[in-house]
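J.: Here is how the chains run, residue by residue.
Number of protein chains: 2
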Amino acid sequence: MKQLIVDLDDRSYPIYIGEGILDQISTFFRKHQINDQSPLMIITDDNIAPLYLKKVIVSLQESGYKVCEYIVPAGESSKSLSVLEKITGVALDAGLDRKSSIVALGGGVVGDLAGFVAASFMRGIPFIQIPTTILAHDSSVGGKVAVNHPKAKNIIGAFHQPQMVLYDTSTLRTLPEREIKAGLSELIKHGLIWDAKFAEWNQLNAEKLLALDSESLEYALYNGCKIKAHVVSEDERENGLRAILNFGHTIGHALEAVSQYNKLLHGEAIAIGMVGAAKLSVHLGYPQRIYKETKSVMKKYGLPIQIPNHLNVDEIMEAMLHDKKFSEGQVVFTILKDIGEAHIQRGISIDLIREIVENLRLEE
Amino acid sequence: MKQLIVDLDDRSYPIYIGEGILDQISTFFRKHQINDQSPLMIITDDNIAPLYLKKVIVSLQESGYKVCEYIVPAGESSKSLSVLEKITGVALDAGLDRKSSIVALGGGVVGDLAGFVAASFMRGIPFIQIPTTILAHDSSVGGKVAVNHPKAKNIIGAFHQPQMVLYDTSTLRTLPEREIKAGLSELIKHGLIWDAKFAEWNQLNAEKLLALDSESLEYALYNGCKIKAHVVSEDERENGLRAILNFGHTIGHALEAVSQYNKLLHGEAIAIGMVGAAKLSVHLGYPQRIYKETKSVMKKYGLPIQIPNHLNVDEIMEAMLHDKKFSEGQVVFTILKDIGEAHIQRGISIDLIREIVENLRLEE
Ligand SMILES: NC(=O)c1ccc[n+]([C@@H]2O[C@H](COP(=O)([O-])OP(=O)(O)OC[C@H]3O[C@@H](n4cnc5c(N)ncnc54)[C@H](O)[C@@H]3O)[C@@H](O)[C@H]2O)c1
Ligand SMILES: NC(=O)c1ccc[n+]([C@@H]2O[C@H](COP(=O)([O-])OP(=O)(O)OC[C@H]3O[C@@H](n4cnc5c(N)ncnc54)[C@H](O)[C@@H]3O)[C@@H](O)[C@H]2O)c1
Ligand SMILES: [Zn+2]
Ligand SMILES: [Zn+2]
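Taken in sequence, the protein lines are chains A and B.
Okay, so the first sequence: first residue is 1 according to the UniProt record's numbering, each after it adds one.
Okay, so the second sequence: first residue is 1 according to the UniProt record's numbering, each after it adds one.
Note that these hints are calculated values from the structure, not bench results.
Only a predicted model underlies this, so the values are computations on that prediction, with no experimental measurement involved.
Incorrect hints may appear among the rest.
Below, computed lysine-lysine pairings styled on DSS-like, alpha-carbon distance capped at 27 Å [as the list claims (entries may be wrong)]:
| # | chain 1 | residue 1 | chain 2 | residue 2 |
| --- | --- | --- | --- | --- |
| 1 | A | K66 | A | K99 |
| 2 | A | K66 | B | K292 |
| 3 | B | K292 | B | K337 |
| 4 | B | K299 | B | K279 |
| 5 | B | K99 | B | K151 |
| 6 | B | K55 | A | K153 |
| 7 | B | K197 | B | K151 |
| 8 | B | K197 | B | K153 |
| 9 | A | K279 | A | K263 |
| 10 | B | K66 | A | K99 |
| 11 | B | K299 | A | K151 |
| 12 | B | K300 | A | K86 |
| 13 | B | K197 | A | K86 |
| 14 | B | K197 | A | K99 |
| 15 | A | K153 | B | K299 |
| 16 | B | K66 | A | K151 |
| 17 | B | K197 | B | K292 |
| 18 | B | K66 | A | K153 |
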């Protein structure tokens, strides 16, 4: 088992990563003095509940915790205010109070939703992340929690750091293959923006990671979390450095938006987005290898690198220009100066971006 | 004009109190460098809009601000997630971004709602309070913002401090008389819990305050805000001292709940609650004058001191025991050790509270 600390003054918290953590959930709760006088609420989704919920509940109950649960339908549409309102009602009925904790058992959807429930219930109660997807190595670190508005993703939310993250790699074995690949996309991103050595390791270990080899997973998730944690520590409220985490996301979000959040997975969309941003880096004069290696690593992991033909370029551009990241109308893009070295580039022309997007339809 | 600072490290902010501030809104915005590149949104209600909205909009527009507005129906029921979702949609359409500010023009309802919109929109943007009720001297200081859940008041919210509070006492002249009295109830509370001199001043100046004499209002609101600000500075997140602000609120909230939020105003309910808490103080051995003076000041301001006969004691007790303040099942009560000196008393027996409540029905 590996452990690291997200360093945020009095909001610092540990991440534990390893096989079999789910069997010892209550040990971690006790170790970190999670209150056992007030009831806890576990929030999860209906794919994860039949697999892991019972194990978590039994472990906690045997240790003397009072536990209630809320199971949402799997999928992005559960990240809504109306689901939050229902959960809040059940929490009130179950007697949760200001000393209760919310436990998120699941992927990024459950983590973001449960995190915002915890942030807003009685103006903020503790919460604990138990991630069950690879992508959640990203979403469970950094304290960004949110629900969606019909008009925009993640637009209603908060910064709310968890008490701890308990990451059991054995839960990843039940993930659908497509979700595994999409999650690895975000892991690859962390190497590309910050750590050339880890980026190279990712190039060399695609097979092992895709096979969910336990030791490789632990190593890779540890590094991914560490990079994310480091960036977040330096910039908790997203005023500067944190923007490098958006590598691949400007184009990626637009692709998600125009494919109406159901055709491309987030990790797939940003894989294409990273290839685009890498190409933009080269356009701006940075080394050719940025583009070559970004593209090759995506291929090794079976991730898409081409914008699907049925998506319309005008609509993609339109979606991009509505993105909240274009603060005050400035076009800002996260690019790479080299593998392992991200950079925030301002004042990029819309025409150049359009050219990149058009090229991405021909990529292969 | 009077000015004071709420001292909260990097979240400190000024409160300006005086006649005619509304005519110079944009001056204050400029002075405090409110961003003029991104659009602002003013949130208000349909009683206040016809009286003051235009003045505020014109002042801001003439100074070069881009302004949009959202008018909610007056009343507690606008403090809901569904209204928040609608406002968020309009904010997105109007192009608000992370540098935009939300402006709350109104009483506590508008302030709490707009504050939570600001806290949650894009995970938090600046907001500015322009209070227009007397009660808002309380609600606009301290950063507690929230909406209601059908099952509980103020249960979904955040701590989000404003950039500044611009309090124009001339707006109070259009307040219905009942709202004036109810607002003064909270002002009286601030004297009773913290400042014997101010408490005495309130005893002596009921007539002037009820007539909204400009100088008296400025003095009283300044003192009320100062006491609230002081308590909040010492305990931003309500871990300790802040509980003294609940004087009169334990019984008061229960009365509001059983009268279904529409028969008794908040200020009226806590006036009765303060008389009850003062009586409890005497029961616990503190000076008789606590009860005498609390009761007499309420009478001078025309505030109720008796629980209306049609309210059922069992239901009141039930509502009180469901209050979120009874953390972990402990019965905690804010009482007075003397006029101007509040105290948090733990471990009070439910039977004693019931006796107090029963007596409050006979009060006159
Ligand atoms: N907060 C952040 O910083 C941040 C960062 C990135 C992404 N996100 C958010 O994360 C979300 C995407 O996260 P995700 O990819 O984990 O999606 P997800 O939570 O929807 O999980 C993907 C699918 O896998 C299923 N699943 C989860 N764990 C499983 C397991 N162990 N076995 C079998 N099935 C399992 C889920 O039920 C779901 O159907 C998006 O809403 C995105 O906005 C947030
Ligand atoms: N955040 C806090 O710390 C805090 C503290 C106390 C109360 N509150 C909240 O404040 C709310 C009550 O505030 P309130 O008493 O100001 O209620 P309110 O905002 O509903 O205002 C009372 C009534 O007066 C009208 N009104 C407001 N200003 C007016 C004016 N200048 N002229 C004419 N009419 C005017 C309103 O339209 C409304 O009908 C409650 O929701 C309560 O939960 C919050
Ligand atoms: Zn992402
Ligand atoms: Zn009050």
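J.: State for each hint whether it applies.
T.: Taking the hints in turn, this is what the structure says about them:
Note on K66 of chain A and K99 of chain A: the hinted pairing holds, with a Cα-Cα distance of about 13 Å set against a maximum of 27 Å. Between K66 of chain A and K292 of chain B the CA atoms are separated by roughly 45 Å; this puts the pair beyond 27 Å, and the hint is violated. Our distance criterion of 27 Å between C-alpha atoms is met by K292 of chain B and K337 of chain B, whose separation comes to about 13 Å. Using a Cα cut-off of 27 Å, the hinted pair K299 of chain B and K279 of chain B holds, with the two alpha carbons roughly 15 Å apart.
For the proposed pair K99 of chain B and K151 of chain B, the alpha carbon gap of about 34 Å is over 27 Å, so the pair is violated. For the proposed pair K55 of chain B and K153 of chain A, the alpha carbon gap of about 35 Å is over 27 Å, so the pair is violated. Distance restraint check for K197 of chain B and K151 of chain B: the Cα-Cα separation of roughly 40 Å exceeds the 27 Å cut-off, and the hinted pair is therefore not satisfied. Between K197 of chain B and K153 of chain B, the direct Cα distance comes to roughly 33 Å. Violation of the 27 Å bound is thereby established for this hinted pair.
For the proposed pair K279 of chain A and K263 of chain A, the alpha carbon gap of about 24 Å is at most 27 Å, so the pair holds. Between K66 of chain B and K99 of chain A, the direct Cα distance comes to roughly 43 Å. Violation of the 27 Å bound is thereby established for this hinted pair. As the CA atoms of K299 of chain B and K151 of chain A are separated by approximately 52 Å, the hinted pair breaks the 27 Å bound. Restraint check for K300 of chain B and K86 of chain A: the C-alpha separation of about 45 Å exceeds 27 Å, so the hint is violated.
Simply put, K197 of chain B and K86 of chain A have alpha-carbon atoms about 47 Å apart, too far for the 27 Å limit, and the pair is violated. For the hint pairing K197 of chain B with K99 of chain A, the CA-to-CA distance comes to about 37 Å; that exceeds 27 Å, so the pair is violated. Among the hinted pairs, K153 of chain A with K299 of chain B is inconsistent with the structure: their alpha-carbon atoms are about 53 Å apart, more than 27 Å. For the hint pairing K66 of chain B with K151 of chain A, the CA-to-CA distance comes to about 22 Å; that is within 27 Å, so the pair holds.
Restraint check: the Cα-Cα separation between K197 of chain B and K292 of chain B comes to about 16 Å, which is no more than 27 Å; the hinted pair holds. A hinted pair counts as satisfied when its Cα atoms are at most 27 Å apart, and K66 of chain B with K153 of chain A qualifies at roughly 25 Å.
In terms of the numbered hints stated before, the structure departs from hints 2, 5, 6, 7, 8, 10, 11, 12, 13, 14 and 15, listed from lowest to highest.
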